[in-house]
Structure formats: C-alpha cells, structure tokens
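Number of protein chains: 2
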Amino acid sequence: MIRSSPAPVPLEQLSRRAPHSGCIPASLHPPGRGASRSLPGAQGVNRARGGRCRRWRAGLGRAPRSPPGNSERLCRFPSGGSRCSRYKAYMAPGSSKEKKSDDGQASKENFIHLCNPHLEKMKEDILYHFALGTGTHDFPKLFGDVKFVCVGGSPSRMKAFIAYIAEELGLGSPGCDYPNICAGTDRYAMYKVGPVLSVSHGMGIPSISIMLHELIKLLYHAKCSDITIIRIGTSGGIGLEPGSVVITRQSVDATFKPQLEQVVLGKTVIRSTNLDEQLAKELMQCSKEIGQFNTVIGNTMCTLDFYEGQGRLDGAICLYDEGEKLQYLKNAYESGVRNIEMESSVFAAMCNLSGVKAAVVCVTLLNRLEGDQISSPHDVLVEYQQRPQKLVGYFIKKSLGKV
Amino acid sequence: MIRSSPAPVPLEQLSRRAPHSGCIPASLHPPGRGASRSLPGAQGVNRARGGRCRRWRAGLGRAPRSPPGNSERLCRFPSGGSRCSRYKAYMAPGSSKEKKSDDGQASKENFIHLCNPHLEKMKEDILYHFALGTGTHDFPKLFGDVKFVCVGGSPSRMKAFIAYIAEELGLGSPGCDYPNICAGTDRYAMYKVGPVLSVSHGMGIPSISIMLHELIKLLYHAKCSDITIIRIGTSGGIGLEPGSVVITRQSVDATFKPQLEQVVLGKTVIRSTNLDEQLAKELMQCSKEIGQFNTVIGNTMCTLDFYEGQGRLDGAICLYDEGEKLQYLKNAYESGVRNIEMESSVFAAMCNLSGVKAAVVCVTLLNRLEGDQISSPHDVLVEYQQRPQKLVGYFIKKSLGKV
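For the record, the sequence lines run as chains Y and D.
If you read the first sequence in my numbering, its first letter stands for residue 605, the second for the next number, and so on.
If you read the second sequence in my numbering, its first letter stands for residue 605, the second for the next number, and so on.
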C-alpha cells in the first residue's frame, strides 16, 4: 500500500512510522495513455508553489552566486541578441520553506528547483518515457513521501535493489512482488517501497538525461522535499583492485575537466559536474562502518563511448596502440580519476541545477591498467554489483535511524 | 532451428531454401558467463581471413580513398608524435572475395571490415553487453546466415518485429515464441529468424554505440557477408504530418553538419555520417509500392538530449523561449532536416567504417513546429511505430524475391 496523503513526510518522522508495505496498488496504471485523462486525483501542473524559481540566469562567464540564505534564485532567459555560445551554471539551492518538527524545532524543507518557466503554462505534463502523466496519475499521492531515489543502468538490478532495501528497512512482506511503475513502457523501469524510489536509466548520458528530466519533473509534481539521489552503478577502475567501490568526488569529461558540454539550440553550453561533498563523506563513513570492501573517494571520468571513448583495444574500431592507451589511462589516474563510466556528468549537472543532493557510487569490475575485457566469473560480477547496493542501503537505513 | 552450417549463405540462395523456423535452440545459452569456456564449437578470434583489413590510416584532413577495385584497405595507426586532434575517416569498402552463384555468374561477397588489429591477438572475445562470447558460443553456426539486421531502441518493439518478419517471410510457426538470444543480460535484446536479426539498442548515441561495437564483432566472428543494417525507430518530425516516415539521406549534428564528433584518448575525432544512397532509394521505392503512408527522404538531426538538445520547452530545465526554439527548428528545416532522433550519427559513422550498407527509417510521432509533448492516443502511436517495420519488412521480402 502506498501512503495516501499527498503531503510530503518530514524525514525525521519516517523512522517512527509503522512499516510501509512495498506493494503498489493495481490501480496505479491507467488503461492506456490518452484513453482516460480524468481519473480521480488527476490534476494539472499549473499551480502556485512557495519559493519556486521562475527563470534562470545564464550569461557569459561565471554566473553570480546567490547570497547566502537567498534560497530563491532568479532565473532569466539568456538575452536573444547578445547571447553567448558558452556559459556556466552553478549549483542551485533547492527552493525551501520553513517547517517545524514535532518538538518545535524550526528547519528548512528543500523542494525541487524546477528551472523551466514554461511548465507553468501546461495544463498537463506527460512524462512520455515513464508512461506517466499529471492528467492520468496522482503524483503527490503516489510519490509524495519519496526521500531517496536510487538510479542505475539495469532494470533488473534496480528491481533487485528495491527488494533488498525493502528487507533492510523492514518494509517488505514475504512473497511480495514489486511491480514496475513504468509498466506501460520498456524504456525505463521504476519501483517504490516506502520512501525509496528505484529507477533504471539505461546506458549513456542521453539515456540517463531523458530519465532525469522526467524524474525531476515527477518529484516536483509530487511536491517532494529533502530528496537525495544516488546513482549506483558499475565502472572500469584505474589502479584499483577489481571490486573496489568509488564514491565520486567530481565527474570529469574525457579530457579530465569537471564539466559537461551540451549543445542547446545549436550552441555549446558548459555545466558544472560537482557533487555534494558532505554526502560523499557520509557515504565513505558508511563504508567504513560496513567494513566489507575497499572504498575510495575519487574522480570519475564520464565518456560517451565504452570502447574507443574509454581507450579499449577490443572494440570493432580501434585506431591506437596499447602504449597510447596506457599513457591515456595513466594521465587520467594522475589527474585523480579512479574509475570510468558513462552517466555521472549529466547526472551531476542536472542534480546541481535542480538543487538536489546527489552522489555517484560505482563498483569497479576490472582494473583497466591490466586489461579491457570483463572476464570475471558471473558470480563474482554479481557480488561486485551488490556492493554499491549494500553501501547505499546502509546509508538509507542510517539516515532513517534504523542502524 | 538455426542453420547448422557455419558458411555464409549467398543471398540469392536464401529465397529458394525451405522455410527456416524462427525458434532458437535452448542450448544457445551457456550456464553462465565464465562457467564454461569449452563448449563444442568454441573458437578464438585469432584466425586468418582473406581480405581483412589490419590497420587503419588516420591522419590530418581527408584520408585517401582506396583505388576502385582495391577491396583491401590498409589501416595504419596514427603516428604518435605528429598525430592531429582532428581527422576524418571515410566509408570503408567491405573486405570482399569473389564467389560463383549456381548459374556460374561471378560476384563479390562483402565481409565485415573490422578495423581493429588488436582483436587478432585475443584468444577469445567476450561481448559483455550481449552476454555472448567466442569462447562459449559458436558464432558462425548461430549467426552465419544473417543477411539483414534491424535495430531499434525498444526491446519489445524488436521482439514484435521478429514475429512480424517471421510471418511475412513464411518462417514463423503458430505459437512459436522468439527467445531473447541475449537473455543473460538486460542491456540489449536480440531475436533471430532465418536471415534476419533484430536487436534493441536503447536510447542515445552511447547506448547504440556499445551495441554496434559488439554487433559488428559478432557479424565478423560469424563470417557473415553481404549484410544490410537498418535502424527502425521513432522521431520528432519537422514540417511533416505526424505518422510520416523519414528515410535518412544524411545524419547531421545539432549544428546541421553531417558529422559525428567523438573524443578518443582525449582528442576530438570527426567522422562522416553519410548513409547508402542506393539503399535509401530502394526503401523509398518500397514505400511507394506499399502506398500506405507518407514517406520522404530527408536529413535527420541526431542529438545527445531529448529535451534541451531538441529545443523542447517541457523538460525539467529550459533556458530559452518559444521564439528561439521555433527559429532553431525552422533553421533545421531550411538546412534539409525533416526529423530529429538520438542514434543515427554514430550508427552511420560505424557502419561506414565497417563497410556495411546501412539505412535509417524513422516514423515521426509529432510535428515539432506544433508542439513538444507526445500526446497522441496510445493506439495511434502504436500504429505509427509499425510503419517503419512494415516498410523494412516489405524491403526484406522484396530483396529475398518473396514479393
């Protein structure tokens, strides 16, 4: 059963609630997109919200930081005539409002910082690749209690994670299946138990980018607050024993710069790929407390290709020799890179812009200084892939006061 | 039952064979990667092949074209000291050898042009994202008769396509299921019936790029010849009635240039994204013969993002206004762009380099000059998505002399 209250649940209350069941009601899925737009609870997106950002400032060079405590950031369109081809955008504070906890302590509730003024004008918002929409689904009811979102490439791994976290949090019931909330499409898979949402994102920057656009809108429409998003994935390590876990300090591109280049309306845009330092430290502390596998904090290189883009010699196309490859990987190591994957840069950039705390936790399946092919036995790889799940599962339990 | 002969089947013989059944034997899947490396028929990749390219020339500016009739192209590593950060690579002729058909006519058989000398040194090749390997699977036996490969984003659509083509070619049997050849992973799905292979590729350039590296190696290891690869997909149209089908003339980037920029060992590489003109014309002729939907030949813009990258106003982040968006789309239209998707550029570039005939056939789900959201009813979208399948299905039937 999913919580029926549309209001977000303060984090500190979650640990005191009776256990949620992980099962999603069958009524979640409408009969078909476009078939019914007037289900009970259906609503548009055109509603007021305190502290919401309206427009985003973008201009030449460094954008001015908001003064401390100014939680509402003014976003303006870049001016048409003098717009520059490159600009930077920095971490947006989540829109926030003050709330009081049960013991009268005041604290701030951080909402999603949606940086798109056009959505206000839309009567409904269809999240096409999730097969969900504000006209057919009651987002606050379905997702309003979400506090932790874990994302990863593989649908089956994200299903396994939801079963794991349900058991860890004492929210699972024996034999309970966790249905795919995005069953109307095979683009992504989504599962939920209590305050945890688990979503697959496929492989590569474009694939996770589509998912994140729709996920951020989903969390916004659901009026979620105080969200933490963690990517749990696999990667190639550099100079690390296979099976090591890397918590990303910065996501860097294939030239080792902590930035993401995107092309928007034909112009190059550069965005910051910093991640939440405090969250990375908390995750590192969790790994020490678990004490089961080697974990480091390091830079993660994010590439657009698995073979040539990561200097592999075993793709269908390879125009360089082993010496050039090794030199490139050694240069990466010297610049602080400890692992390579394909999603972290846009993940960091979009979470920054949306004011969401984010972390990337990936296990290394091999040491790229020693080879390219992933040839470890299946059971060894399966155990490696469980390590980020264990670490993030422990972090969530600890955050909820269940450790 | 899959054909047991490892030798490639001449295209002209295929139409005269008794119908193949589409079912894949259960013995296809080994018990687990790494568990057994010595199945009957297992073989390494280190074998001689006539006409195989060893090294690829890459240097500053335009690479010299091979003289006509010179089917073996010399590939050299770029020289380390003087290597340039940008170079172009052009269409490689497939490695070929002469063969005689039943009536004594001589013709050339085109093999995959594998542009990686390092693979020769590998004892086995693990196609990690397919969960297949030369040490555990007999590629010539499983795939040697493949002549047509159809690729598309969605696993379920590619499964539907294999059932459709099986019926069209008279190769299906009632109630026959088409098992996923890549059942050992959920990264991609692959189905086969007779000479047709159907493979999903997920969303975006990185995702299809991984699939194509492994697909091209699979076809090479299987000793396939005379391969045609067609991407069947969905897209946003520009200035076209929704449901129109676009056969891509050239894939262009977000600045309307017919090229793909990749970063290899930290250096930018630019590759041509031309597609086979003759194949596009043949597909256009097929559409005329079917006469069921509007089809055009036009340029296809390939972007790294679905929302900002395609000028949508409905993503989680949008820093431009409607006027700027429309101007961008009109500029695209004026440059010859008729639809936008997210995979065609690397598809064209990699097929060029591998000497494989390739085409992109995408239906348009909406006219982007009129909106951003895909809001047509589900059944309408399903019918639209069947149009590229119908067109390519008819083309394959015609190529096999079954029309």
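If you are wondering where the hints come from, they were derived from the structure by calculation, not from laboratory data.
The reader is advised that the hints may include incorrect statements.
Identical copies go unnamed one by one, so any copy, or any two together, can satisfy a pair.
Straight-line C-alpha distance at most 27 Å; calculated DSSO-like pairs for lysine-lysine [as the list claims (entries may be wrong)]:
id, residue 1, residue 2
1, Lys-861, Lys-892
2, Lys-871, Lys-725
3, Lys-892, Lys-712
4, Lys-1001, Lys-725
5, Lys-861, Lys-871
Since the structure is predicted, the reported quantities are computational estimates derived from the model, not experimental observations.
Original post:
Can you list which hints this structure breaks, lowest number first?
Top reply: 1, 3, 4
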